[in-house]
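Participant: Here is what each chain is made of, one letter per residue.
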Amino acid sequence: MRELFADRHIGTDSAAQKSMLDAVGFASVDALMDAAVPSAIRVAEHGPGSGDVRASSLPPAATEREALAELRALARRNRVRRSMIGLGYVDTITPAVIQRNVLENPSWYTAYTPYQPEISQGRLEALINFQTMVADLTGLATANASMLDEATAVVEGMLLARRASGSGSNVFVVDADALPQTKALLAHRAEALGIELVTLDLSRSSSPQGVSRPAPVALPDCFGVFVQYPGASGLLWDPTEVAAQAHERGALVVAATDLLALTLVTAPGEFGADVAVGSSQRFGVPMGFGGPHAGFMAVRAGLERQLPGRLVGVSLDAAGYPAYRLSLQTREQHIRREKATSNICTAQVLLAVMASMYAVYHGPTGLKRIAHETSRQANLLAEALLAGGAELVHDSFFDTVRVRVPGRAAEVVAAAAERDVLLWQVDADTVHVTCDETTTTEDLDAVLAAFFGADAPAVSFKPVHRSIGPELHRASEYLTHPVFHTHHSETGMMRYLKYLADKDYALDRGMIPLGSCTMKLNAATEMAAVTWPEFAGLHPFAPESDVGGYLDLIEQLQTWLAEVTGYDAISLQPNAGSQGELAGLLAIRGFHRSRGEAERTVCLIPSSAHGTNAASAVLAGMRVVVVACDALGNVDLDDLRAKVTEHANDLAALMITYPSTHGVYEHDIREITSAVHAAGGQVYIDGANLNALLGYARFGDLGGDVSHLNLHKTFCIPHGGGGPGVGPVAAKAHLAAFLPGHPLQQRDVVAGRDGAAMPEHANIVSAAPYGSPSILPISWAYVRMMGADGLQRATGAAVLAANYVAARLREHFPVLYAGEHGLVAHECILDLRPLRDATGVTVDDVAKRLIDYGFHAPTMSFPVAGTLMVEPTESEDLAELDRFVDAMIQIKAEADAVAAGTWPRDDNPLVRAPHTAHAVIAGEWERPYSREQAVYPVPGLEHRKYWPPVRRIDQAYGDRNLVCACPPVEAFA
Amino acid sequence: MSELKYTAEHEWVAVDGDVATVGITAYAADKLGDVVYVDLPSAGASVAAGKVVGEIESTKSVGELFAPVDGEVVESNQAVVDDPSLVNADAFAAWLIKVRFTALPTLLSADEYAALTNE
Numbered sequence: 003m004r005e006l007f008a009d010r011h012i013g014t015d016s017a018a019q020k021s022m023l024d025a026v027g028f029a030s031v032d033a034l035m036d037a038a039v040p041s042a043i044r045v046a047e048h049g050p051g052s053g054d055v056r057a058s059s060l061p062p063a064a065t066e067r068e069a070l071a072e073l074r075a076l077a078r079r080n081r082v083r084r085s086m087i088g089l090g091y092v093d094t095i096t097p098a099v100i101q102r103n104v105l106e107n108p109s110w111y112t113a114y115t116p117y118q119p120e121i122s123q124g125r126l127e128a129l130i131n132f133q134t135m136v137a138d139l140t141g142l143a144t145a146n147a148s149m150l151d152e153a154t155a156v157v158e159g160m161l162l163a164r165r166a167s168g169s170g171s172n173v174f175v176v177d178a179d180a181l182p183q184t185k186a187l188l189a190h191r192a193e194a195l196g197i198e199l200v201t202l203d204l205s206r207s208s209s210p211q212g213v214s215r216p217a218p219v220a221l222p223d224c225f226g227v228f229v230q231y232p233g234a235s236g237l238l239w240d241p242t243e244v245a246a247q248a249h250e251r252g253a254l255v256v257a258a259t260d261l262l263a264l265t266l267v268t269a270p271g272e273f274g275a276d277v278a279v280g281s282s283q284r285f286g287v288p289m290g291f292g293g294p295h296a297g298f299m300a301v302r303a304g305l306e307r308q309l310p311g312r313l314v315g316v317s318l319d320a321a322g323y324p325a326y327r328l329s330l331q332t333r334e335q336h337i338r339r340e341k342a343t344s345n346i347c348t349a350q351v352l353l354a355v356m357a358s359m360y361a362v363y364h365g366p367t368g369l370k371r372i373a374h375e376t377s378r379q380a381n382l383l384a385e386a387l388l389a390g391g392a393e394l395v396h397d398s399f400f401d402t403v404r405v406r407v408p409g410r411a412a413e414v415v416a417a418a419a420e421r422d423v424l425l426w427q428v429d430a431d432t433v434h435v436t437c438d439e440t441t442t443t444e445d446l447d448a449v450l451a452a453f454f455g456a457d458a459p460a461v462s463f464k465p466v467h468r469s470i471g472p473e474l475h476r477a478s479e480y481l482t483h484p485v486f487h488t489h490h491s492e493t494g495m496m497r498y499l500k501y502l503a504d505k506d507y508a509l510d511r512g513m514i515p516l517g518s519c520t521m522k523l524n525a526a527t528e529m530a531a532v533t534w535p536e537f538a539g540l541h542p543f544a545p546e547s548d549v550g551g552y553l554d555l556i557e558q559l560q561t562w563l564a565e566v567t568g569y570d571a572i573s574l575q576p577n578a579g580s581q582g583e584l585a586g587l588l589a590i591r592g593f594h595r596s597r598g599e600a601e602r603t604v605c606l607i608p609s610s611a612h613g614t615n616a617a618s619a620v621l622a623g624m625r626v627v628v629v630a631c632d633a634l635g636n637v638d639l640d641d642l643r644a645k646v647t648e649h650a651n652d653l654a655a656l657m658i659t660y661p662s663t664h665g666v667y668e669h670d671i672r673e674i675t676s677a678v679h680a681a682g683g684q685v686y687i688d689g690a691n692l693n694a695l696l697g698y699a700r701f702g703d704l705g706g707d708v709s710h711l712n713l714h715k716t717f718c719i720p721h722g723g724g725g726p727g728v729g730p731v732a733a734k735a736h737l738a739a740f741l742p743g744h745p746l747q748q749r750d751v752v753a754g755r756d757g758a759a760m761p762e763h764a765n766i767v768s769a770a771p772y773g774s775p776s777i778l779p780i781s782w783a784y785v786r787m788m789g790a791d792g793l794q795r796a797t798g799a800a801v802l803a804a805n806y807v808a809a810r811l812r813e814h815f816p817v818l819y820a821g822e823h824g825l826v827a828h829e830c831i832l833d834l835r836p837l838r839d840a841t842g843v844t845v846d847d848v849a850k851r852l853i854d855y856g857f858h859a860p861t862m863s864f865p866v867a868g869t870l871m872v873e874p875t876e877s878e879d880l881a882e883l884d885r886f887v888d889a890m891i892q893i894k895a896e897a898d899a900v901a902a903g904t905w906p907r908d909d910n911p912l913v914r915a916p917h918t919a920h921a922v923i924a925g926e927w928e929r930p931y932s933r934e935q936a937v938y939p940v941p942g943l944e945h946r947k948y949w950p951p952v953r954r955i956d957q958a959y960g961d962r963n964l965v966c967a968c969p970p971v972e973a974f975a
Numbered sequence: 034m035s036e037l038k039y040t041a042e043h044e045w046v047a048v049d050g051d052v053a054t055v056g057i058t059a060y061a062a063d064k065l066g067d068v069v070y071v072d073l074p075s076a077g078a079s080v081a082a083g084k085v086v087g088e089i090e091s092t093k094s095v096g097e098l099f100a101p102v103d104g105e106v107v108e109s110n111q112a113v114v115d116d117p118s119l120v121n122a123d124a125f126a127a128w129l130i131k132v133r134f135t136a137l138p139t140l141l142s143a144d145e146y147a148a149l150t151n152e
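Chains as they are written, first to last, in my numbering: chain A, 3 to 975; chain B, 34 to 152.
Chain B with its partners taken away, still in its complex shape (with noise of 0.2 Å):
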C-alpha cells in the first residue's frame, strides 16, 4: 500500500492495487464535529470522480462524500455505519468505502493538502 493521497473535499485515499479506500481526514471530522450518521453507497453501486456518493452527518452540519476515482464500490464500512463516533475517534482508521477503480486521477501529496488546510 502506497502513502496516504488527498482530495480538496477532505478526503483520504489509500491505493492498493486497483483498489482505492476512502475516508474523511481528521481535519473535516474536526470541522464536522460530533458524527451521527453516515450514508455510504452499497457494494456494487458504480461511483464517478467528483460526484457525490454518501453523506455524513453530525450535530452541526451534513456533509457530502465525493467519490474520487470513477469505478465500483467493493465494500462500505458498516462498523462506522453502526457506529459513526469512530470517525471522530480515528478519521484516518474509520475508512468508509473501498473503491475498485479504473484511473487513477491526480490526487493530492500530504503537503499539497496541509496547505490547503492551512487557514
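If we strip away everything but chain A, and leave its shape as in the complex, we get (with noise of 0.2 Å):
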C-alpha cells in the first residue's frame, strides 16, 4: 500500500482516535463531525469518505517522493538569469550558516509570534539586533521589528505622517522618481482613505553633481512628503531642502531608503526625515520572485508611540535582570479595533532575524566593503557606458545606472537577455541597470556588449569615477554594538544562532495549543522547495518567459485554494491575514462604486470579531457598526436585522468569522448572510477558522463574497516566529475584477476577469505581484500530498483533538461556547475566572506555569478576557495531548492548593512561574514549596526539560521605561 502523507501530517492514528473517540463519546470521527457541523452548511449529501467532496480539481495524493519530483518539474521550467533589474529587489549571497541555522531549521521557522516573551528571548534579541540595525543605519531614534514590505511600509509612513502632522491638509507629495509597484500602492490606499497624492518630481531641486542647480522645487501645503533615496532611478540626492521645506510646512518626511547604501551615504534622520522605510531583502534574503522580505520602519525621537506593528523592548524579569518584550502591545490593532491607525499584525520575523544575522556576521567593516563594492562595479559600469559613447541620464547614483539609448531600449534589453543578463526598459529610449554584492565583470562585459556589441569597451581596473559626491558622504558611525563585531567567524556565528534558539520554545519543543493561530506541523517535505535556486533566485519582474514553472504553481494552487472554499477567483497576493482583509473591502468597495453605490460605507461587525477586522475596515474607508453577540457568542439575529434595517441604504458589508471566534459553528450562518444579501450588502467571511471546516463546508456555499485565508495556518507555512504570513483574498465572480493585480505583474492570473477594465493601480496592496512567491511551495505541497480525502481527515482530526481535550478537561475547568451536543469546533474555550475568583490565580500565572511544564500557552484572553483558547490542531498525537492535559488538571490541583491556604497567594509555584535554573539553584531556598515542585512538578520531565532562560517579565515596567534597541553589554553582568 502507498505511504499517504496524511498518515505522517496527522498525529493521531486510528487506534489514538478510537480511544479519544470513547472520551468524547461517539463511534467514528464522521459520527462526530455529523453531531458538530450542522447539516445545513456541509458540502456534500455522502459525507467524508465518499470521495465525493466536490473537491473534484484536487488531483488524488501525492506521496512526499512524487510531490518533489512534480515540484522539481515546475522548478526546472523557471529559468534563473543574472537579474540586473533593481527597482527594489537585487541578488544577494544568503550566507549557508544563516540558511542553514535560521532559515532551514524548526528552532527558528516553527516558533509564534513572541507574545510570552519569557519564552521567545532567542528571537527577541535577534528582532532587537534589527531594530538597532535599521535605526543606526537610517540615523533615527527607533526602529520596529519589520514590515510587510517596502511599498506597504511607504502606506505606513503615509498614515503616520497624516495622524502625527498638526497640518490640517489631506495633502502628501509623492517623489516622482519613486518605485512604480510603490507608486501604485499609493494610489490606491490613499484613494479609499480621500488622501490626495501630488507628484512632484523633488529630486529637482537638488544639485546632482556637475549639473547646473535647477530651480527648487515649492513644496504645497501638505502633512507629509514622501522622497526616495536613492531614487528608483538610481539618482542619488540630497533631500535637506526638501526636508526643511516640507517642516516649515508642519509635514513630517517619509524616506524610503537602501540599507546597504546607507552604510556609505548621509542617513535619512541626518537630512531631516521624520521616517524611514525599505527592504532589508538585500541584507542575505533570496529575492523569491517578490518575497518574503522584512519591510522595516524607524522613526525619529518623539515618534515611537506612532509606530505601526511590533516593537521589542527591554524590561527586567522578577529577579530585575533585563529582559526583552514586545512593547506597547495596546497600541496594536487587535486592542484598539476601530481607533486602530493601521491594520498591521504579522510581521516579517524569519527574514527580519536573516537579515539582522547577516549585519551581525559581516559587522558594519564587512557591510561597508560590500556597499563599496556594489558602488564600484557601478561606477566601472558607467565608466566603460561613457567610453562607449552611450549616454547616462545621471552621474551621482549608488548601485543603479540608467542609460539613455534613443530609441535603442527594448533591443538593447533583448540582447542582454540573449547573454542571461536581465536589465530593466524604463522607456523606449531608457534602460536601468543595478549592481549588487554578486556582479561580477563578466556580467558587466555581457551588459556592455548588449549596448555596444563587438564594439564593446573592456571594463578597467584604474581608480573610478566617484558616484558618490563629497556632500552625501556619510560620516556617522553605525552598529557600534559589540553584537555587530564579536561573531564573525562562523564557528561564532553558527554558536550565536544555536545560543539564541535554545531560549526558545518552538514546535520542535511541543505542543503550541495557540486558539485561533493553527499552529501545526510544517512538513520538512514542503519546506524543501523554498531555497532551491529556482524558486529563490527570481526577481519579481523576470520577463513571463522566466517564469513559467511559478506561474503554474501559483495557478494550480488557486485552482485548489477556490476549490475548497467555494469561490471562483483569488489573489495570493497579499503579505498577512490583515492584509487579505483590506483587500477585500476594497474589493467590496470597487464592487459598490463601480455600481453607482458609492454610498455604501457602513461595515458590520460582531462583537466577537478579531479588532484586526475593524482596523481593515476603516482603512478601506468603511464605517464599523458593531453588531451584539448572545450569551453564546453567536451573532444576535434581532440586532443583526435591526442593523440592517437601519443601515439599508448605505450598507456595504458584514465581516463575519466562521466558525465564530469563539469556536462555535453558528446555525444560523445562511440567514445571516441571506439578511446582509438582502439589503445590498456584501459578506465578508473571516477564514482565521477554516482549518474547521476544510472538506465540511466552504465559506463559499455559506453565502460569503469574499474571504481571506491564511496559509499560514491552514495551509502548513510556517509561522517564523511572527511572519512571513500569506493571507490569500478568495472571492465571487462578480468581484473578481476588484481584487489586486499588479502593473508590473507578468500575468494577470486571478480567473474570472478576462477582459475587465482594471483601474491603473490595478487594486495592488502589495509591493509585488504575486505577494510572497517563494513560500507558496509549502502550501502547494501540502494541498498535493493531503488531496481532498487527506484534508477533511485532517479536520476531522482538529475538531476531534479539540472536542478530546474539552472533553477530558470539563470537570476542572469550564468550557465556554460549546454548541449542539456540547461539541466545540476545532478550539475550545477553557474559562479560568472560576479559579481567578477562588483562588486569587490568573490566566497569567497559568500561562507562565505551563512553561515550568514545558508547554506554550495557549491563545490568552481572547476571544474573552481571562480564559484560554486551546487549540491543538491534527499534529499532534495523543501523547502530546495528554501531556498538556495532564499539566491543566495538575495546574488546577496548584491552584486548589492555593485555595485551600496550603501556599500563600503570594508565594506559590503558580506566581512565581516560570522558574529558572538560576532562581532554583541560587542561593538558600526560602519558598513554601519545595524545588523539585518549582521545576519538576510531573513525571518525566526530568529526562525533556526545557528551562526558561527569563523569570516572569514586569510588562510595565519596559512601556513605562521604553528602551528598543540592544542595552550595552554591561547590562547584563
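Hints are computed from structural coordinates only; laboratory data are not their basis.
Computed from a prediction, not measured in an experiment: that's the story for all the values here.
Heads up, some of the hints might be wrong.
Derived contacts from chain B toward chain A, CB cut-off under 7 Å, selection only [claimed, not checked]:
(1) Asp67
(2) Val69
(3) Glu90
(4) Thr92
(5) Ser94
(6) Val95
Here a beta-carbon is modelled for each residue, glycine too, at the ideal position from N, C-alpha and C.
Work from the hints to combine the two standalone chains into their complex.
Facilitator: Right under this line is the structure:
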C-alpha cells in the first residue's frame, strides 16, 4: 500500500482516535463531525469517505517523493538569469551559515509570535538586533521589528505622517522618482482614505554632481512628503532642502531608502527625515520572485508611539535582570479595533532575523566593503558605458546606472537577455542597470556587449569615477554595539544562532496550542523547495518566459484553494491575513462604487470579532457598526436585522468569522448572510478558522462573497516566529475584477476577469505581483500530498483533538461556548475566571506555569478576557495531548492548594512561574514549595526539561521605560 | 472647592471658580491596570464636552480621556506624564488637566457614580 503523507501529517492514528472518540462519546470521526457541523452547511450529502467532497479539481494525494518530483519539474520551468533589474529587489548572497541555521532550522521557523516573552528571548534578541541595525543605518531613534514590504511600509509612513503632523492638509506629496509599485500602492490606498496625492519631481531641487542647479520645487500645503533615496532611477540626491521646506509647512518627511547604500551615504535622519522605510531584502534574503522579505520602519525621537506593527523593547524580569518583550502592545490593532491607526499585525520575523544576522555576521566593516564593491561595479559599468559613447541619465548614484539609448532600449534589453542578463527597460529610450554584491566583471562585459555589440569597450580596473559626491558621504558611525563585532567567524555565528534558538520554545520542542493560530506541522518536504535556486533566485519583474513554473504553481494553488473554499477567483498577493482582509474590503468598496453606490460604506462587525477586522474596515474607508452577540458568542440575529434595516441604504458589508471566534459552528450563518444580501450588502467571511471546515463546508456555499485565508495557519506555511504570512483573498466572480493585480505583473493570474477594465493601480496591496511566492511551494505541497480526502481527515482530526481536550478538562475548568451536543469546533475556550475568583490565580499565572511544565501557553484572554483558548490542531499525537491535559489538571490542583491555604496567595509555584534554573539553584531556597515542585512538577520532565532563560517579565516597567535598541553588554552582568 | 463630581466616562471633576480639575476615578484606574503612558492636551488647547482630549494607556488597553466641559486647557499635569504610575498610586491625587470652562454641564454626584459602577 502507498504511504500516505496524511498519516504523517495527522498526529493521531486510528487506535488513538478510537480512544479519544470514546472519551468524547462518539463511535467514529464521521459521527462526531455529523453532530458538530450543522448539516445545513455541509458540502455534500454523502459525507466523508464517499470521495464526493466537491474537491474534484484536486488531484489524488501524491507521496512526498512524488510531490518533490513534481516541484522539481515546475522548478525546471523557471529560468534563473542574472538579474540587474533593481527596482527594490537585488540579488544577494545568503551566508550559508544563516541559510542552514535560520531559514532551514525549525527552531526558528516553527516558532510563534513572541507574545510569551519568557520563552521567546532568542528571537526577541535577534529582532532587537534588527531594530538597532535599522535605527543606526537610517540615523533615526527607533525602528520597529519589521514591516510586510517596502511599498506597504511607505503607506504606513503616509498614515503615520497624517496623524502626527499638525497640518490640516489632506495632501501627501510623492517623489516622481519613487518605485513604480510604491506609487501604485499609494494611489490605491490613499484613494480609499480621501488622501490627495501630488506627485512632484523633488530631486530637481537638489544638485546632482556636475549639473547646473535647477530651481527648487515649491511644495504645496501638505501633511507629508515622500522621497525615494536613492531614487528609483538610481539617482542619489540630497533631500535636505526638501525636508526643510516640508517642516516649514508642518509636514513630516518619509524617506524610502536602501540599507546598503546607507553604509556610505548620509542617513535619512541626518537630512531631516522623520520616518525612514524600506526593504532589508538585500541583506541576505533571496529575491524569491518577490518575497517574503522584511520591510522596515524607523522614526525620529518623539514618534515612537506612532509606530505601526511590533516593537521589541527591554524590560526587567522578576529577578531584576534585563529581558526582552514586545512593547506597546495595547497600541496594536487587535486592542484598538476601529480606533486603530494601522491594521498591521503579522510582521516578517524570520526574514528580519536573517537580515539582522547578515549584519551581525558581516559587521559594519563587512557591510561597508560590500557596499563599496557594489558601488565600484556600478562605477566601472558607468565608465565603460561613457567610454563607449553612451549617455548616462545622471552621474550621482549608488548601484544603479540609467542609460539613454534613443529608440534602442528594447533592442539592448533583448541583447542582454540573450546573454542571460536581465536589464530593465524604463521606456523606449532608457535602460536601467542595477549592480549588487553578486555582480561580476563577466556580468558587466555582457551588459556592455548588449549595448555596443562587438565594439564594446573593456571594463577598466583603474581608479574609478566617483558617483557619490563628498557632500553625501556618511560621516557618522553605525553598528557600534558589540553584537555587530563579535560573531564574524562561522563557528562563532553558528554558536550564536544555536545559543539564541536554545532560549526559545518552538514546535520542535512541543505543542503550541494557541487558539486561532493553528500551529500545525510544517513538514520538511513542504519546506524543501523554498531554498531551491529556481524558486529563490528570481526577480519579481523577470520576463514571463522565465517564470513559467512559478506561474503554473500559483495558478494550480489558486484553483485548489478556490475549489475547497467555494469561490471563483483568488489573489495570492496579500502578505498577511490583515492585508487579505483589506484587499477583500477594498474589493467590496470597488464593487459598490462601480454600481454607483459609493454611499455604501457601513461595515457591520460582530462584537466578538478579532480587532483586526475593524482596523481593516477603517483603512478601507468604511465606517464600523458593531453587531451584538448573544450569551453563546453567536451573532444576535435580532440586532443584526435591526442594524441591516437601519443601514439599508449605506450598508457595504458584514464581516463575520466562521466558525465564530468562540470556536462554535453557528447554525444561523445562512440566515445571517441572506439578511445582508437582501439589503444590498456583501458578506466577508474571515477565514481565520478554516481549519475547522476544510472538506466539510465552504465559505462560498455559506453565502460568503469574499474571504481571506491564512496559508500560514491552515496551509502549513510556518509562522516563522511572527511572519512571513500569506493571506490570499478569495471571492465570488462578481468581485473578481476588484481583486489585487499589479501594474508590473507577468500575467493576470486571477481567474474570471479576462478583459475586465482594471484601474491603473490594479488594486495592488503588496509590493510584488504575487506577494511572497517563494513560500507558496509549501502550501502547494501540502494540498498536493493531502488530496481532498487527506484535507478532510485533517479537519476531522483537528475537531476531534479539540473535543478530546474539552472532554477531559471539562470537570476541571468550565468550557465556554460549546455548540449543540456540547461540542466545540477545532478549538475550545477554558474559563479560568471561576478559578481566579476562588483562588486569586490568574490566567497569566496559569500561562506562565505551563512553561514550567514544558508548554507554550494557549491563547490568553481572546476572545474572552480571563480565558485560555486551546487549539491542538490535527498534528499533535495523543501522548502530547495527554501531556497537556495532565499539566492543566495538575495546575488546577496547585491552584486549589492555594485556595486551601497550603501556599500563600503571593508565594506559590503559580505566581512565581516560570522558574529558571538560576532561580532554583542560586542561594538559599526559601519558598513554601520545594525546588522539585517548582521545576519538575510532573514525572518525565527530568528527561525533557525546557528551561526558560528569564523569570516573569514586568510588562509595565518596559512600557514606562521604553528602550528599543540593544542594551549595553554591562546590563546583563 | 466644591465636592467632587463625576462623569459616566469615569472621570472625576473638581470645580474651583471657573476652573475644572479632571482626573480618572480609582475604579477606572483599577480597570485599566498598570498605566504606562498618558497623552494630554497642552495648555491653551480648546476642548469640547464629550470629546476625546487625551489617552491613558495601560498594559492591557488604551483608555480615552474625555473633556467633561467646554473650555480651554489651563494646565496639564507634567508629573503624571513623567510618571504615569501616579494614576495607579492615587487616582484622585493624580489630576490630569485643568480646564477653564464657560458653562458647567450637569455632572454625576458621588452616589450616582457609585450606582453606575456598582456592577
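Participant: Next step is simple, just say for each hint if it's right about the structure.
Facilitator: Checked hints:
no.: 1; hint: Asp67; in the structure: holds, 4 Å
no.: 2; hint: Val69; in the structure: holds, 4 Å
no.: 3; hint: Glu90; in the structure: holds, 6 Å
no.: 4; hint: Thr92; in the structure: holds, 4 Å
no.: 5; hint: Ser94; in the structure: holds, 5 Å
no.: 6; hint: Val95; in the structure: holds, 5 Å
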